[in-house]
Amino acid sequence: MLVHDESTGSTPRRDAALAALANVEPVAGVSKPDPIVIADKVVRQFGGLTAVDVDHVEIQRGSITALIGPNGAGKTTFFNLLTGFDKPNSGNWTFNGTELANVPPHKVARMGMVRTFQLTKALFRLSVMENMLLGAKHQIGESLLRAMLPSLWRKQEEANRLRAQELLTRFKLDAKQDDFAAALSGGQRKLLEMARALMVDPELVMLDEPMAGVNPALTQSLLGHIKDLREQGMTVLFVEHDMDMVRDISDWVIVMAEGKVVAEGQPDVVMSNPAVIDAYLGAHHDMSLEEQA
Amino acid sequence: MDFIFIFQQSISAAVGVNAIIFALAAIGLNMHFGYTGLLNFGQAGFLAVGAYTVATLVVSFDVSLWLAFLAGIGTSIILALLLGIPTLRLRADYLAIVTIATSEIIRQVARSVTMREYLGGSDGITGKFGAEFFDLNPFPNGLDTPLIRFTPNDLWVVLVGWTLVALFVFLNWVIMRSPWGRVIKGIREDEDAVRSLGKNVYLYKMQSLILGGIAGSVAGFVYAISRQSVQPDNYSTALTFFAYAVLILGGAARVFGPVVGSVIFWFLLVFIEQFFRQGMSANLIPDWLMNNNQVGSVRFILVGVALMLLMIYRPQGIFGDKKELALNARA
Numbered sequence: 001m002l003v004h005d006e007s008t009g010s011t012p013r014r015d016a017a018l019a020a021l022a023n024v025e026p027v028a029g030v031s032k033p034d035p036i037v038i039a040d041k042v043v044r045q046f047g048g049l050t051a052v053d054v055d056h057v058e059i060q061r062g063s064i065t066a067l068i069g070p071n072g073a074g075k076t077t078f079f080n081l082l083t084g085f086d087k088p089n090s091g092n093w094t095f096n097g098t099e100l101a102n103v104p105p106h107k108v109a110r111m112g113m114v115r116t117f118q119l120t121k122a123l124f125r126l127s128v129m130e131n132m133l134l135g136a137k138h139q140i141g142e143s144l145l146r147a148m149l150p151s152l153w154r155k156q157e158e159a160n161r162l163r164a165q166e167l168l169t170r171f172k173l174d175a176k177q178d179d180f181a182a183a184l185s186g187g188q189r190k191l192l193e194m195a196r197a198l199m200v201d202p203e204l205v206m207l208d209e210p211m212a213g214v215n216p217a218l219t220q221s222l223l224g225h226i227k228d229l230r231e232q233g234m235t236v237l238f239v240e241h242d243m244d245m246v247r248d249i250s251d252w253v254i255v256m257a258e259g260k261v262v263a264e265g266q267p268d269v270v271m272s273n274p275a276v277i278d279a280y281l282g283a284h285h286d287m288s289l290e291e292q293a
Numbered sequence: 001m002d003f004i005f006i007f008q009q010s011i012s013a014a015v016g017v018n019a020i021i022f023a024l025a026a027i028g029l030n031m032h033f034g035y036t037g038l039l040n041f042g043q044a045g046f047l048a049v050g051a052y053t054v055a056t057l058v059v060s061f062d063v064s065l066w067l068a069f070l071a072g073i074g075t076s077i078i079l080a081l082l083l084g085i086p087t088l089r090l091r092a093d094y095l096a097i098v099t100i101a102t103s104e105i106i107r108q109v110a111r112s113v114t115m116r117e118y119l120g121g122s123d124g125i126t127g128k129f130g131a132e133f134f135d136l137n138p139f140p141n142g143l144d145t146p147l148i149r150f151t152p153n154d155l156w157v158v159l160v161g162w163t164l165v166a167l168f169v170f171l172n173w174v175i176m177r178s179p180w181g182r183v184i185k186g187i188r189e190d191e192d193a194v195r196s197l198g199k200n201v202y203l204y205k206m207q208s209l210i211l212g213g214i215a216g217s218v219a220g221f222v223y224a225i226s227r228q229s230v231q232p233d234n235y236s237t238a239l240t241f242f243a244y245a246v247l248i249l250g251g252a253a254r255v256f257g258p259v260v261g262s263v264i265f266w267f268l269l270v271f272i273e274q275f276f277r278q279g280m281s282a283n284l285i286p287d288w289l290m291n292n293n294q295v296g297s298v299r300f301i302l303v304g305v306a307l308m309l310l311m312i313y314r315p316q317g318i319f320g321d322k323k324e325l326a327l328n329a330r331a
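The listed protein sequences derive, respectively, from chains A and B. Numbering-wise, my numbering puts 97 at position 97 of the first sequence, and it's gapless, one number per residue. Numbering-wise, my numbering puts 9 at position 9 of the second sequence, and it's gapless, one number per residue.
Check the hints yourself; a few may be wrong.
[What the hints assert, rightly or not] Derived coverage of chain A by chain B (criterion: at least 3 residues anywhere in the stretch with Cβ under 8 Å from a Cβ of chain B; other residues may be distant):
1. 111-121
2. 132-143
3. 148-161
Worth flagging that the hints you see were computed from the coordinates, not collected in a lab. This one's a predicted model, so the numbers in the text were calculated from it and none came from an experiment. We put the CB at the ideal spot given by N, CA and C, even for glycine.
Using the sequences and the accompanying hints, generate a full structural model.
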């Protein structure tokens, strides 16, 4: 159910998120009124290359925050670190006040911080429904011994199936629920991955390039779904290259370049920040070649 | 040519002891490779551990056979843990390397001079260590019909053996259609995706390795008991690869795949062999083409050709779903 007003994009949750962030100073590393994630001095080096070197960053609860930056800025690596898929050389971060450094990825997900991947990871030879059911938490039948007694888990499985069906209907995948996930188009796989993440009951949804490879016809519906996550009380952090999309849906933008957070702020403020334009286009993009030489 | 004899031999092999051993070994591999995507190239090691634990405990330590079976399952679990703890966190190929090496280490240790006192060196262990099992045999006359023929001992092993196979197939069927099985299949497709959904992938892979290892060690029990002996060189890597052939022939990730694969594999192997031997004794095959000593190798060549044809025209195996196999090519 989409509740936002198409003309202005105004919704209660969006207004609340914007109001909360309105008076936050647009400075890299600034503190937010109600952060869900706080990261400090997170460093990840690959050999001699420092991929991530984030001094301090906070993600505001209930908002949609965009993480942007040129290729190689360390956005995905930062995602991997936050969700436990990669280990930092140093640094620590908290989610809802819980220390998360060295927590394995499956525990991070169980705490309510669920991610998707840049290259979609639909589980091909599982049906769309099986993909969804895999996301449900606390499944009795996932323990080997109890799996042998279907009477123990059948009822829970039914409830999960109903919930999955509702989500699939919302994401317009219900007609495909018995097909193999491999039979979906690229955009549908993105939708499935997002729907599947919602089965985990996340508080923070982290989307790594949700629009990559999605055809324009699906873009609007995908945008609507992301906005919907906020309306349902979730916090969204996403990596994206498409500036129009970032401007359209985000309440706050964080810019990374060469592993560091170089700027952050309200979308309009960030987009007009010279440091950001430099990061994207190169420091001397407005000079002629002679001047640069 | 005595076709009745050829079929009697082939059918007896198709439902015989070897078919049971390979069905069980392949059921284990199906759990590892077919469902979980674990490349275990050391299934022979699990069979060896099962067989040697039983034989050694009964012969050298005078333990009751039934306790020895329990111990055999215990040692296969220990082997699975030893293999899994260092490798299951790593990429899939590490498990392949470690398992193939470990199964060879087990074989070399078994045939070593140092361990000769307990494991019998290259001669292995022979003795009546299956006596407690055969004492229970209710069929003193065996089976002798035109199409199928078993000695009393073999008949008893075959009946108990197929019961075990049925038990493992049923267990396999039950757990693979549960949420547990869903996680296992998810891991085969993409373990990071499964991790991102809050599942402890490492734990599931370990459980899979243990379950398939237990099936392997039970295959080892059947191997040891049916022959009343264990020979180290029976547990070479060739055994693992035949078990893979059986699995792929029947269809991986299918409950009945390993069973059907094993039955067909052994039927073909014995049918081809007996066909040639009969043809030779009837002077239908000239000596310059093939002699009696070459039959053993030629049957493997022909089975190999048959497997190649199968891979070309039916790559999903007998039971597999071609559509599903095609999906594996990542789009």
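Tested hints:
1. Note: the segment 111-121 of chain A has 5 residues with beta-carbon separation from chain B under 8 Å; the three-residue rule is met and the coverage holds.
2. A stretch counts as covered by a chain when three or more of its residues have a beta carbon under 8 Å from one of that chain; for the segment 132-143 of chain A and chain B the count is 9, and the coverage holds.
3. Check result for the segment 148-161 of chain A against chain B: holds, 4 residues qualifying (beta carbon to beta carbon below 8 Å, three or more required).
Checked against the numbered hints listed earlier, the structure breaks none of them; every hint is satisfied.
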